[in-house]
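Model the placement of chain H on the given structure of chain B, informed by the hints.
Read top to bottom, the protein sequences are chains B and H. Using our numbering, read the first sequence as starting at 1 and increasing by one per residue. Using our numbering, read the second sequence as starting at 1 and increasing by one per residue.
Please keep in mind that the hints were generated in silico from the structure rather than gathered at the bench. Take the hints with a grain of salt, since some may be wrong.
[Claimed, not checked] Over the 10 Å line for every Cβ pair with chain H, so calculated as not near, a few chain B residues: (1) Arg9; (2) Lys53; (3) Ile54; (4) Ser79; (5) Gln80; (6) Ala103; (7) Ala136; (8) Ser174; (9) Ala182; (10) Thr184; (11) Gly189; (12) Pro215; (13) Glu224; (14) Ala227; (15) Ala229; (16) Glu264.
[Claimed, not checked] In silico EDC-like links for lysine to aspartate or glutamate, alpha-carbon gap of 20 Å or less: (17) B:Lys262 / H:Glu150; (18) H:Lys139 / H:Glu115; (19) H:Lys118 / H:Asp138; (20) H:Lys134 / B:Glu236; (21) B:Lys262 / H:Asp128; (22) H:Lys139 / B:Glu236.
All residues carry an ideal CB built from backbone N, CA and C; glycine is no exception.
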Amino acid sequence: MSPLVFTLRDAPLQRLDLAPLAPDRLVGLSESKIATIQLQTTRERVLAGDVFKIRTGEATQIRFEGGSERFDRIGAGMSQGEVIVDGAVGIQAGRLMQGGRLAIAGNAGPWAASGMTGGILAISGHAGDRLGGPLAGETVGMRGGVVIVRGNAGARAGDRMRRGVIIVEGKADSYVGSRMIAGTIIVGGRVGRLPGYLMNRGTIVTINGSDGLSPTFADSGVHELLATALMARYVETYSREVAATLRRPWRRLLGDMAVIGKGEIFYPSVAN
Amino acid sequence: MSQLTVNGIRVDDTFAEAFEMRATALTITAHNAAWARQAAATMTGFATSVIGCGCEAGIDRVLNPDETPDGRPGVRVLLFAVSTNELQKQVQARVGQCVLTSSGSACYAGLEAEERLKLGNAVRFFGDGWQISKRFGDKRYWRIPVMDGEFICDATTGLSRTAVGGGNIIVMGATNETTLAATELAVEAIAAVPNVIMPFPGGIARSGSKVGSKYKGVPASTNDAYCPTLRGASNSALDPDITSVLEIVIDGLTSDSVAAAMRAGVRAILALGPERGALRIGAGNYGGKLGSHHYHLKDLLP
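Looking at chain B on its own, in the form it has when it is part of the complex:
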């Protein structure tokens, strides 16, 4: 069955909330019904049919031809199927996502995968700040699933993360894994300042080191652990390059001792 295709007519004039265009909400709807779904975020009404040319197809296989930094909340809350975006997206892509697969060919804005509990979010470009992080007032960020970013991630990736795996093939900005509760973050490129800032538990792997570690992490020496071999096996499905670098001895830093100190940062065995 061919996918349901949304082709962007023109660059949107306002930010759009694309959460209603997720598989869960579109299964069983006719093309005309889908065209009348409201997407506006201002008082000026915008319907799906105004923004996109719609080509009917299987609603569990959705494709957006063309992207925009104004495409907010794409794939938010989705629990099944696949959404593929040919371009960039705005804030909160895959927010509270429960299952299925969301693939973004371009860059994603801040709070991608925010509060995600399951499924796979793949970003081919860069991810904005607070990848997987909670919105203001929320106590927990990402709670499950897998996020793979082929480019770089902004500041505070994995903030207050509770479960799941974030893989960043490129660099990550400052405070990666800040206030982390549990889960795993692996960064292929260099990490900015203070990774794991105030982390309680969880694992951060900094394959190429960081710009500055907090003195509140204790060095437990260099170890070759089975845990990283198991991690590599799992990661292989999503990123062969990152997985290949995991199978080696790592310096294990325990912290953040400023809080309960049950987290860990795997750091290159020769500090850089």
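Just chain H now, kept in the frame of chain B:
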């Protein structure tokens, strides 16, 4: 008892009677195959019979590195017990005392099933608060700090309620030497069958038992009908030319696997012939009233 004769060996027209048991499987890995086998042998020691050991356990097969979760050499062991509670107790005690303690070991679920037994969830407390839970996909591991690094253990393992225990072959011969030769050959053939174990030493029991005893409180006692030295005094089941009897007991994850194992064993004994091996093959049962699985020897012949 009516008999068939195949390749000069008498085969009793009887059946092995087996019972449903609870079972699980574990994959044990280590730095190398020797240490994986060491951990497996230690944890499956003193596990010959549920009568006195709480469970029956043994090595199913050796695993290549590409078959194990961590890419190291490994061994798959099977454990069988009469109740879920007893099996849980045995898994916890044996993994905690024999696998956790073995150098460089790790322990993973060896059976996938909806119902689960605690594995790492039971032994994680050894970590005294330093243990770490790590979840990758639908797998949850416990990392318990130990003196040579970390003991990695799956949180749970699968439970089977449809496993079968008590498949058996009774091998009868003219001398201890020829009877043992035939039985060893059968054990070797059965070892190649997946999903089964032979829990007795070397896969062979020389002390087959009957239910009950003349002594109060003794649940099982020597099977006097098959003891050659009692011929003439007891209600012997042995012919005059039999002076040695050995038994292979087989537990399997499925009834089909037990049947396949018995078939492999019987055929190996028959192929050896009576000159160098057994004179007669039989099987143990309780008249068919106690166990729900019956394996007729005539159905297992070549």
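Evaluation of the provided hints:
no.	hint	result
1	Arg9	holds, 40 Å
2	Lys53	holds, 38 Å
3	Ile54	holds, 35 Å
4	Ser79	holds, 16 Å
5	Gln80	holds, 17 Å
6	Ala103	holds, 18 Å
7	Ala136	holds, 27 Å
8	Ser174	holds, 25 Å
9	Ala182	violated, 7 Å
10	Thr184	violated, 7 Å
11	Gly189	holds, 22 Å
12	Pro215	holds, 22 Å
13	Glu224	violated, 8 Å
14	Ala227	violated, 5 Å
15	Ala229	violated, 5 Å
16	Glu264	violated, 8 Å
17	B:Lys262 / H:Glu150	holds, 15 Å
18	H:Lys139 / H:Glu115	holds, 15 Å
19	H:Lys118 / H:Asp138	holds, 15 Å
20	H:Lys134 / B:Glu236	holds, 17 Å
21	B:Lys262 / H:Asp128	holds, 13 Å
22	H:Lys139 / B:Glu236	holds, 15 Å
The structure fails hints 9, 10, 13, 14, 15, 16 (numbered hints given earlier, in ascending order).
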